[in-house]
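*Asks:* Sequence:
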Amino acid sequence: AMQQMCGIDHPLFGGIFAREIHDAPTEDRPARIALSDFVHLGVEFELALEIAEDLPPGDAPWTAERARAVVAAARPAFELIEDRAADYAALDPATMVADNAWCGGVVLGPKLPEGLDVSALPSRLLQDGQAEEGNTAAAAPYDSLAAVLEHLRRRGETARAGEIVITGSALRTRFPAAGATLAYEVAGAAVRMETTP
Numbered sequence: 508a509m510q511q512m513c514g515i516d517h518p519l520f521g522g523i524f525a526r527e528i529h530d531a532p533t534e535d536r537p538a539r540i541a542l543s544d545f546v547h548l549g550v551e552f553e554l555a556l557e558i559a560e561d562l563p564p565g566d567a568p569w570t571a572e573r574a575r576a577v578v579a580a581a582r583p584a585f586e587l588i589e590d591r592a593a594d595y596a597a598l599d600p601a602t603m604v605a606d607n608a609w610c611g612g613v614v615l616g617p618k619l620p621e622g623l624d625v626s627a628l629p630s631r632l633l634q635d636g637q638a639e640e641g642n643t644a645a646a647a648p649y650d651s652l653a654a655v656l657e658h659l660r661r662r663g664e665t666a667r668a669g670e671i672v673i674t675g676s677a678l679r680t681r682f683p684a685a686g687a688t689l690a691y692e693v694a695g696a697a698v699r700m701e702t703t704p
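The sequence shown maps to residues 508 to 704 in my numbering.
These are computed hints drawn from the structure, not numbers from a lab. Computed from a predicted model, the values in this text were never measured in an experiment. In this text, a Cβ means the ideal position worked out from N, Cα and C, and glycines have one as well. There could be a bad hint or two in this list.
Per label pair, the in silico range of CB-to-CB distance [stated by the list, open to error]:
#1 Arg536 x Ala596: 36 to 44 Å
#2 Glu534 x Pro568: 36 to 44 Å
#3 Cys513 x Arg536: 33 to 41 Å
#4 Arg539 x Pro568: 38 to 46 Å
#5 Phe682 x Asp561: 35 to 43 Å
#6 Val546 x Ala596: 15 to 23 Å
Using the sequences provided together with the hints, build the complete structure.
*Replies:* Rendered as structure tokens:
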């Protein structure tokens, strides 16, 4: 759906920088995100998959099944979108790539049970007391991970143990106001954040 919206036929990739990773591992410790740090903050509802081992480029292309086998941990996550008040009716993929695919950071929740198949899990968003149901299948997480690993393989780059890949939003992007509270739950584990001015 995002590819159709952007007028392209392949994924776009951006980097996640260490200084932009926020931890919110417990119910009583939500991440606090300041709207003033962004031109226009959007929030997406994703899974963060942690790479189990160094993956140097090889000859075999990556598939969803191969990618699943190299996941050390999965967490519910928010991607913090920085769209800089873009005109969604006139998106330019080249500009989006130059702007790091709009990734302005990630909020990581607690780890899901080890070895859990995350390809089609019910999920739930609670925003300011209003609930919306979803499913991780909407983002095809193992396919998304395989696409990133294949991109790196073709570039001759190594995915490193401990790095994370976020896998696409299972629900539509939200643009919270100051004072908003959001919780995204997958398999009993929830990532939480609050927005400040």
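*Asks:* Taking the numbered hints from earlier one at a time, note which ones the structure violates and give those numbers from smallest to largest.
*Replies:* none
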